[in-house]
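K.L.:
Sequence:
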Amino acid sequence: IGFEQYYGMDEYPAKEDFDGTWAIFDEPYLQYFAEHTKEYAKKDKPFFLTVFTASSHEPFTIPKKYENTFTSGDIPMHRSISYADYAIRKYFEQVKNEPWFENTIFVFSADHCGVAHREDYNNDIGRFLIPIFFYTPGGQLPVMCDSTRLMQQTDIMPTILGLLNYQKPYFSFGKDVFDDSSNFVNYVFNDRNGTSMYYLDDLMIEYRNNQLIGIYKFKEDFSLKNNLIARKKEFSQLPFMEQQMKAILQQYIVRMKENRLTAK
Numbered sequence: 004i005g006f007e008q009y010y011g012m013d014e015y016p017a018k019e020d021f022d023g024t025w026a027i028f029d030e031p032y033l034q035y036f037a038e039h040t041k042e043y044a045k046k047d048k049p050f051f052l053t054v055f056t057a058s059s060h061e062p063f064t065i066p067k068k069y070e071n072t073f074t075s076g077d078i079p080m081h082r083s084i085s086y087a088d089y090a091i092r093k094y095f096e097q098v099k100n101e102p103w104f105e106n107t108i109f110v111f112s113a114d115h116c117g118v119a120h121r122e123d124y125n126n127d128i129g130r131f132l133i134p135i136f137f138y139t140p141g142g143q144l145p146v147m148c149d150s151t152r153l154m155q156q157t158d159i160m161p162t163i164l165g166l167l168n169y170q171k172p173y174f175s176f177g178k179d180v181f182d183d184s185s186n187f188v189n190y191v192f193n194d195r196n197g198t199s200m201y202y203l204d205d206l207m208i209e210y211r212n213n214q215l216i217g218i219y220k221f222k223e224d225f226s227l228k229n230n231l232i233a234r235k236k237e238f239s240q241l242p243f244m245e246q247q248m249k250a251i252l253q254q255y256i257v258r259m260k261e262n263r264l265t266a267k
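Everything in the sequence shown is counted per my numbering, starting at 4 for the first residue and increasing by one.
Just so you know, the hints here were simulated from the structure itself, not pulled from any lab data.
Bear in mind that the values here come from a model prediction, so they are computed numbers and not experimental data.
Ideal Cβ positions, reconstructed from N, Cα and C, are used throughout, including at glycine.
Possibly wrong hints are sitting among the right ones.
Below, a list of computed lysine-lysine pairs in the DSSO-like style, where the Cα atoms sit at most 27 Å apart [claimed, not checked]:
| no. | residue 1 | residue 2 |
| --- | --- | --- |
| 1 | Lys-68 | Lys-93 |
| 2 | Lys-171 | Lys-46 |
| 3 | Lys-249 | Lys-260 |
| 4 | Lys-249 | Lys-236 |
| 5 | Lys-18 | Lys-93 |
| 6 | Lys-220 | Lys-235 |
| 7 | Lys-236 | Lys-260 |
| 8 | Lys-45 | Lys-99 |
| 9 | Lys-48 | Lys-267 |
| 10 | Lys-41 | Lys-93 |
| 11 | Lys-48 | Lys-93 |
| 12 | Lys-67 | Lys-93 |
| 13 | Lys-46 | Lys-93 |
| 14 | Lys-249 | Lys-235 |
| 15 | Lys-249 | Lys-222 |
| 16 | Lys-267 | Lys-249 |
| 17 | Lys-171 | Lys-48 |
| 18 | Lys-171 | Lys-260 |
| 19 | Lys-18 | Lys-67 |
| 20 | Lys-220 | Lys-249 |
| 21 | Lys-18 | Lys-41 |
| 22 | Lys-222 | Lys-235 |
| 23 | Lys-18 | Lys-68 |
| 24 | Lys-236 | Lys-222 |
Cβ pair distances, simulated, as ranges [unchecked claim]:
| no. | residue 1 | residue 2 | range |
| --- | --- | --- | --- |
| 25 | Pro-102 | Ile-216 | 51 to 61 Å |
| 26 | Arg-130 | Lys-235 | 17 to 27 Å |
| 27 | Asp-204 | Lys-236 | 13 to 23 Å |
| 28 | Tyr-15 | Asn-125 | 29 to 39 Å |
| 29 | Glu-96 | Thr-53 | 14 to 24 Å |
| 30 | Lys-68 | Tyr-10 | 49 to 59 Å |
| 31 | Leu-252 | Phe-21 | 38 to 48 Å |
| 32 | Ile-232 | Asn-125 | 13 to 23 Å |
| 33 | Ile-108 | Phe-187 | 19 to 29 Å |
| 34 | His-120 | Arg-195 | 15 to 25 Å |
| 35 | Asp-204 | Glu-70 | 44 to 54 Å |
| 36 | Leu-215 | Thr-151 | 23 to 33 Å |
All chains should be modelled from the sequences, with the hints used to inform the complete structure.
P.N.:
The following block contains the structure:
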């Protein structure tokens, strides 16, 4: 997909920073990442970098020197999250005075959800709730934006391109979340082991084996205890939602098979 360089564990110089399971511990790797960020900035042209951290992943290992620094919290993941937060803070201490810092858009997201601490997150909604946030030190974000609107990982790319005023065609299942003038509907789609979920405004539908199996007003029924499928005739938006869900599944599968997930 066009990345010029990759720096993984094999390229990382200090093998003793390996966490024993997945990757390099977050703090030393993000310091390594900071140095590479500075090197790319020296080329004096726009750049795109991405970094994947792993210390917050099970088995939630942190360096031994910090075992008494970060409290365990309520579940094992909490201590590793504290460590990850510390590592990110140290990264920003390294780069905050660089000349490119205020011209940079930072995007934070998770690749998937973690272990549920609260029981009300132990359902098909809670398993997909992740943080996504944008940080622009130079204040480039729109002043007026609705942070409560639905958002998903596929919205990240079009949102960044919108902030950059990118005008060329591109392919995306997502939307620019800061563009209130767009006709792109405010939806979220996800799939868990063959059960597809489509959210539109305050309604969520579930689909499995080409059949509608659930309708929920998820904002008032977060635990998904009240399946409204027996009242499906009451929801005028339901035909549109079902059509959209089928279209997304069809487009994604066909485009994956034919390698057409980019604009021509």
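K.L.:
Determine for every hint whether it applies to the structure shown.
P.N.:
Quick rundown of the hints versus the structure:
A threshold of 27 Å between alpha carbons decides the hint, and for Lys-68 with Lys-93 the separation of about 16 Å falls inside it, so the pair holds. This hinted pair checks out: Lys-171 and Lys-46 have alpha carbons roughly 24 Å apart, not beyond 27 Å. In summary, the hint linking Lys-249 to Lys-260 is supported, as the alpha carbons are separated by about 17 Å, within the 27 Å threshold. Taking the CA atoms of Lys-249 and Lys-236, the gap is about 19 Å. The hint holds against a cut of 27 Å.
Taken as a hint, the Lys-18 and Lys-93 pair is honoured in the structure, with Cα atoms around 20 Å apart against an allowance of 27 Å. The hinted pair formed by Lys-220 and Lys-235 meets the criterion: a straight-line CA distance of about 12 Å does not exceed 27 Å. With a CA separation close to 36 Å, the supplied pair Lys-236 and Lys-260 exceeds the 27 Å bound. Proposed proximity of Lys-45 and Lys-99 is supported: the alpha carbons are some 15 Å apart, at most 27 Å.
With a C-alpha separation of about 25 Å, the suggested pair Lys-48 and Lys-267 falls inside the 27 Å cut-off, and the hint holds. Taking the CA atoms of Lys-41 and Lys-93, the gap is about 15 Å. The hint holds against a cut of 27 Å. Of the supplied pair hints, the one linking Lys-48 and Lys-93 holds, its CA atoms being roughly 25 Å apart against a limit of 27 Å. Restraint check for Lys-67 and Lys-93: satisfied, since their Cα atoms lie roughly 18 Å apart, inside the 27 Å limit.
Between the alpha carbons of Lys-46 and Lys-93 the distance comes to roughly 24 Å, so the proposed pair stays at or under 27 Å and holds. With a C-alpha separation of about 18 Å, the suggested pair Lys-249 and Lys-235 falls inside the 27 Å cut-off, and the hint holds. Straight-line distance between C-alpha atoms of Lys-249 and Lys-222 comes to about 23 Å, which keeps the hinted pair within the 27 Å bound. Between Lys-267 and Lys-249 the alpha-carbon distance is near 23 Å, which keeps this suggested pair within the 27 Å criterion.
Of the supplied pair hints, the one linking Lys-171 and Lys-48 holds, its CA atoms being roughly 19 Å apart against a limit of 27 Å. Taking the CA atoms of Lys-171 and Lys-260, the gap is about 25 Å. The hint holds against a cut of 27 Å. A hinted pair counts as satisfied when its Cα atoms are at most 27 Å apart, and Lys-18 with Lys-67 qualifies at roughly 15 Å. Under the criterion of a C-alpha separation no larger than 27 Å, the hint pairing Lys-220 with Lys-249 is consistent with the structure, at around 20 Å.
Our distance criterion of 27 Å between C-alpha atoms is met by Lys-18 and Lys-41, whose separation comes to about 22 Å. A hinted pair counts as satisfied when its Cα atoms are at most 27 Å apart, and Lys-222 with Lys-235 qualifies at roughly 17 Å. For the hint pairing Lys-18 with Lys-68, the CA-to-CA distance comes to about 17 Å; that is within 27 Å, so the pair holds. For the hint linking Lys-236 to Lys-222, the alpha-carbon distance of about 20 Å falls within 27 Å, and the restraint holds.
Take Pro-102 and Ile-216: their Cβ atoms lie about 55 Å apart, and the range 51 to 61 Å holds. In this structure the hint that Arg-130 and Lys-235 lie 17 to 27 Å apart at CB holds, the actual value being about 24 Å. Evaluation of the 13 to 23 Å hint for Asp-204 and Lys-236 yields a pass: the beta carbon distance comes to about 18 Å. Remark: the range hint 29 to 39 Å for Tyr-15 to Asn-125 is upheld by a beta-carbon distance near 36 Å.
Roughly 20 Å separates the CB atoms of Glu-96 and Thr-53, a value that falls within the hinted 14 to 24 Å. Range check, Lys-68 to Tyr-10: about 24 Å between beta-carbon atoms, so the 49 to 59 Å window is missed. In this structure, Leu-252 and Phe-21 meet the distance hint of 38 to 48 Å, their C-beta atoms being roughly 39 Å apart. Restraint check, Ile-232 to Asn-125: a C-beta distance of roughly 22 Å satisfies the suggested window 13 to 23 Å.
Ile-108 and Phe-187 have their C-beta atoms about 20 Å apart, which keeps the hinted 19 to 29 Å range intact. Checked against the given bound of 15 to 25 Å, the beta carbons of His-120 and Arg-195, roughly 19 Å apart, stay inside it. For the hinted restraint 44 to 54 Å between Asp-204 and Glu-70, the CB-CB distance of approximately 46 Å keeps it satisfied. For the pair Leu-215 and Thr-151, the supplied restraint of 23 to 33 Å holds, since their beta-carbon distance comes to about 27 Å.
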